[in-house]
Each structure stands twice: as structure tokens, then as C-alpha cells.
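Chemist: Protein sequence lines correspond, in order, to chains V and X.
The first sequence: position 238 = 238 (this note's numbering), numbered continuously.
The second sequence: position 129 = 129 (this note's numbering), numbered continuously.
Simulated from the structure, these hints should not be mistaken for lab results.
One or more of the hints may lead you astray.
Claimed, not checked - Derived Cβ-Cβ restraints for the label pairs, each shown as a range:
{"no.": "1", "chain 1": "V", "residue 1": "5", "chain 2": "X", "residue 2": "149", "range": "20 to 26 Å"}
{"no.": "2", "chain 1": "V", "residue 1": "104", "chain 2": "X", "residue 2": "121", "range": "47 to 53 Å"}
{"no.": "3", "chain 1": "V", "residue 1": "114", "chain 2": "X", "residue 2": "55", "range": "43 to 49 Å"}
{"no.": "4", "chain 1": "X", "residue 1": "83", "chain 2": "V", "residue 2": "63", "range": "39 to 45 Å"}
{"no.": "5", "chain 1": "V", "residue 1": "135", "chain 2": "X", "residue 2": "122", "range": "58 to 64 Å"}
{"no.": "6", "chain 1": "X", "residue 1": "83", "chain 2": "V", "residue 2": "49", "range": "22 to 28 Å"}
{"no.": "7", "chain 1": "V", "residue 1": "121", "chain 2": "X", "residue 2": "146", "range": "53 to 59 Å"}
{"no.": "8", "chain 1": "X", "residue 1": "147", "chain 2": "V", "residue 2": "40", "range": "57 to 63 Å"}
{"no.": "9", "chain 1": "X", "residue 1": "169", "chain 2": "V", "residue 2": "49", "range": "50 to 56 Å"}
Please read these numbers as outputs of a predicted model, since none were measured by experiment.
Yeah, the Cβ is synthetic: ideal placement off N, Cα and C, and Gly gets one too.
The chain contents come next:
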Amino acid sequence: MSIENDLGAMIGPLPDGMSEGIALGTGIADGYDIYDSPLGRVAVAFNPLGVSAVDVADDAFPDRFSARHGRKLFRSEAPSAWSMKIAPAIEAGRPGNLPVDLRSVTPFQTEVLRVATTIPRGEVRSYGWLAMQSEHPRATRAVGTTMASNPVPLIIPCHRVVRSDGRIGAYSLGGPDNKWRLLEHEGADPGHLEELASSGVRVQGNSATLIFCHPTCRAIRRSHPDRVVDYRSVSQARDAGFRACQLCKPA
Amino acid sequence: MDELTAALARNLDAAFPELVELMGPRLYWGLRGICGDHQEAEDLTQETFIRAYRALAGYERVRVRALMLSPWIWTIALNLGRNHVRDRSRRPTFAGWLDRGVADPDLPDVGAWDRRFKALSAPQRSAVVLRHVVGMGIGEISEATGRPEGTVKADIHRGLEKLRQTMEMER
Numbered sequence: 001m002s003i004e005n006d007l008g009a010m011i012g013p014l015p016d017g018m019s020e021g022i023a024l025g026t027g028i029a030d031g032y033d034i035y036d037s038p039l040g041r042v043a044v045a046f047n048p049l050g051v052s053a054v055d056v057a058d059d060a061f062p063d064r065f066s067a068r069h070g071r072k073l074f075r076s077e078a079p080s081a082w083s084m085k086i087a088p089a090i091e092a093g094r095p096g097n098l099p100v101d102l103r104s105v106t107p108f109q110t111e112v113l114r115v116a117t118t119i120p121r122g123e124v125r126s127y128g129w130l131a132m133q134s135e136h137p138r139a140t141r142a143v144g145t146t147m148a149s150n151p152v153p154l155i156i157p158c159h160r161v162v163r164s165d166g167r168i169g170a171y172s173l174g175g176p177d178n179k180w181r182l183l184e185h186e187g188a189d190p191g192h193l194e195e196l197a198s199s200g201v202r203v204q205g206n207s208a209t210l211i212f213c214h215p216t217c218r219a220i221r222r223s224h225p226d227r228v229v230d231y232r233s234v235s236q237a238r239d240a241g242f243r244a245c246q247l248c249k250p251a
Numbered sequence: 001m002d003e004l005t006a007a008l009a010r011n012l013d014a015a016f017p018e019l020v021e022l023m024g025p026r027l028y029w030g031l032r033g034i035c036g037d038h039q040e041a042e043d044l045t046q047e048t049f050i051r052a053y054r055a056l057a058g059y060e061r062v063r064v065r066a067l068m069l070s071p072w073i074w075t076i077a078l079n080l081g082r083n084h085v086r087d088r089s090r091r092p093t094f095a096g097w098l099d100r101g102v103a104d105p106d107l108p109d110v111g112a113w114d115r116r117f118k119a120l121s122a123p124q125r126s127a128v129v130l131r132h133v134v135g136m137g138i139g140e141i142s143e144a145t146g147r148p149e150g151t152v153k154a155d156i157h158r159g160l161e162k163l164r165q166t167m168e169m170e171r
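Sequences and hints are given; from them, build the entire structure.
Modeler: Here is the structure:
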């Protein structure tokens, strides 16, 4: 055997795991790992641009992911720079400084989802409010569709967005019961919100400050119950001499 | 190779895994011969492919179709290798994927070759590996290393000579 032949025989297979690592590093494939959440175990997918999906952690998740995003999925730990940020983002219900990959949605939907991240924990806003805040006041229905297609529920808190009549409404991550559980977990009272909705209450005013709020705004929740006045609409509150809260921007 | 460059030009994401499958083993084992260390060869292989992917994503289709893949990939790999030590402390965040690392392949003789190559100078190692491990032509090696063909030939000749001497001493 010549030394040249020996050298040629040096080539072995690519070590196990490297082609997956390359697919993940280039972003051709996403990785995913399982995290705890207020709803139990959830699957979180990620790629070099950020977190790309949060979904029910069942066997069909990789197939659902590939069908929607057109990329393969490998079980993997998250990049070290983000692995510390995923669990806090899920618990807080906002991305914070965790990057999110929103390539799967339109620019309009990206803006709506961005506005949704500003809804404080334990509070809710309506589809109509979100449409207004994203400067597409007539796009209430499109906002509803956007919430349904939020690729990263829990991290972008679409569970804090309720129907324009005040009812809790649908939820993409495992159905409406999960939306109730999340709101309860955050200290909101979904049963009470449903009652307000069915009695037609949209905003509440404080008779001492003459400021009206969304019913879950921390300003109105801090108010003395005797001073809280229910209104069926923004215009009714305005007619009664109230002005809109700067915190929750009900109008 | 022509088919692969055409496929890469047509649909980069679909064809790239094929590039990794085709060139990955030679890239890893070639780098292993050049740097003599599993971890470093692994890092360099992954980073080479990631850079290659980004470059391909930015190229015009005609340019991708005209690429000579082997010397092109090796130009990237050797440049990375030169800067690797310097860059290690400030690797980009995506390298988080790669932090875990994969196990050193458990093959006989791997350690022996790692030792033998240490007797060669860096240019000799690259030239011998690219010629006899990877199987590139002199012209391609010259392109990838940026050294004249005559110098490459001399590096290979002297490198092989040193390897022979080292192996004689092992007996």
C-alpha cells in the first residue's frame, strides 16, 4: 500500500449530527425543544432569525410545522444566546429581547402582532382596539385572522385579545379553554369579563377622576368599587363627561 | 457537479443538503488532516457551510451555475482556518447551535494521522491533504490556497516525504 492510498482512505463519513447542525446553522431547517408553560408542555421552534413557532407538543407538531413553514424540523437545544430567554418570555407573555421570526406572516400582521405585545399582562383588549392601534381601524376581521395565525402564541400574547363585544372568544393554541386558563393564570377574571360582556359593558369610568378605561385596565381596577360606573360605549362615557385613560387608550 | 450547481441556482434550500452530503465528508476529513483536531475540524466544517450558504443566497444564478464547487468551498474553509483562532472569541450568535458539538468519530488510525501530520508545515499539510485526501487537482489546489502551482507541487512532494519518514520511524 502506498502512502497516497492510505491518505485517500482517511475519508470517513461525516460525524453523526453534523448535517443537522449545518441545516440548523444555515436556517434550512429549524430546531425545536419542549418547554414548560402555564398550559403544560409546549413545543418551541427556532432558527437563526429567532423563535419561529410555539405549538402544542404532540407527535404531529413537526408535520404541522413543515406544512406551514416549508422547512424541516429537528429536535435540538436552542442557540445558547436564546435558551435562557425562552422560558421567561413564555412566563411573561411577551418576547422582551428574544428575537421572533415572523416571516410566515404579512407586514400588516407583523404590525398587529407587535401592537399585541404592548397589552399588559392580566389585561385584555379587543380586536377592534388592536385594529385601531395598528392604524387600520376597519380591519377588525383581519386582526382576528392575524391572532388565529400568530405563529408564536404565549410569547406574543394573542390570548389577551378578545372579541369586540368583550367575550373571551377563540384561541389558536389548543382552543378557548386554554385562553381562559392563561387569563386566570395572569390574574384576569375571564368569568367576570364574560359577565360584563353579556350585560353590554364596554368601558368603565371612575366618577372621581372622570376617566374611563377598559375593564381590565390597572387604573380602573385600582379604583374604589363605589366609584366605578359602567358604560355601554365610548360615546356614552364621553357624553357623561368622562375622558379616555392614557394608559389603556380605550378610544 | 454541474447538475448540483444548477440545482443550487434553481432552489438553494432544496439543493443545499445535497451539497453537504456530497462535500461534507471530504471537507471534514480534509480539515481534520490539516488541523489535527476533531473539535476544530467540526467547527470549521459547519462554519464553512454556513458561510457558503449565505454567499450562495447572495449570488446571481449565473454565478452559482458557473462555480467550481470544490475549490470555492475550500477557499472559504482555508480562509476561515487562517482566521479561526482570532475569531473564536467573537463568534456570531448562530454558533450557539454548534456549541454542543458532535462526538469524535471512533475510527482506527485517526489519532495516528493527526500525529503524523504535525511533522508537516501548514502549507505542506494543506497541499498534501487537498491532493491525496480530498483528491483535488493541482490547479484547483492552487486556486483554493492562492499559491502558485509549482509551489503547490513542491509542498506536496516535500510533505509526502516527511510523512514517509515519520511512518518509517513508527515501525
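Chemist: Please go over all the hints and tell whether each is borne out by the structure.
Modeler: Here is what the structure says about each hint:
Range check, residue 5 of chain V to residue 149 of chain X: about 24 Å between beta-carbon atoms, so the 20 to 26 Å window is met. Under the hint 47 to 53 Å, the C-beta atoms of residue 104 of chain V and residue 121 of chain X, about 51 Å apart, fit the expected range. Remark: the range hint 43 to 49 Å for residue 114 of chain V to residue 55 of chain X is contradicted by a beta-carbon distance near 32 Å. Taking 39 to 45 Å as the suggested C-beta distance range, the pair residue 83 of chain X and residue 63 of chain V conforms, at roughly 41 Å.
Range check, residue 135 of chain V to residue 122 of chain X: Cβ separation about 60 Å, and the 58 to 64 Å hint holds. For the pair residue 83 of chain X and residue 49 of chain V, the supplied restraint of 22 to 28 Å holds, since their beta-carbon distance comes to about 25 Å. At roughly 57 Å, the beta-carbon separation of residue 121 of chain V and residue 146 of chain X lies within the given 53 to 59 Å, and the hint holds. The hinted window of 57 to 63 Å between residue 147 of chain X and residue 40 of chain V holds, with their beta carbons roughly 60 Å apart.
Distance hint check for residue 169 of chain X and residue 49 of chain V: the Cβ-Cβ separation is about 53 Å, which falls inside the suggested range of 50 to 56 Å.
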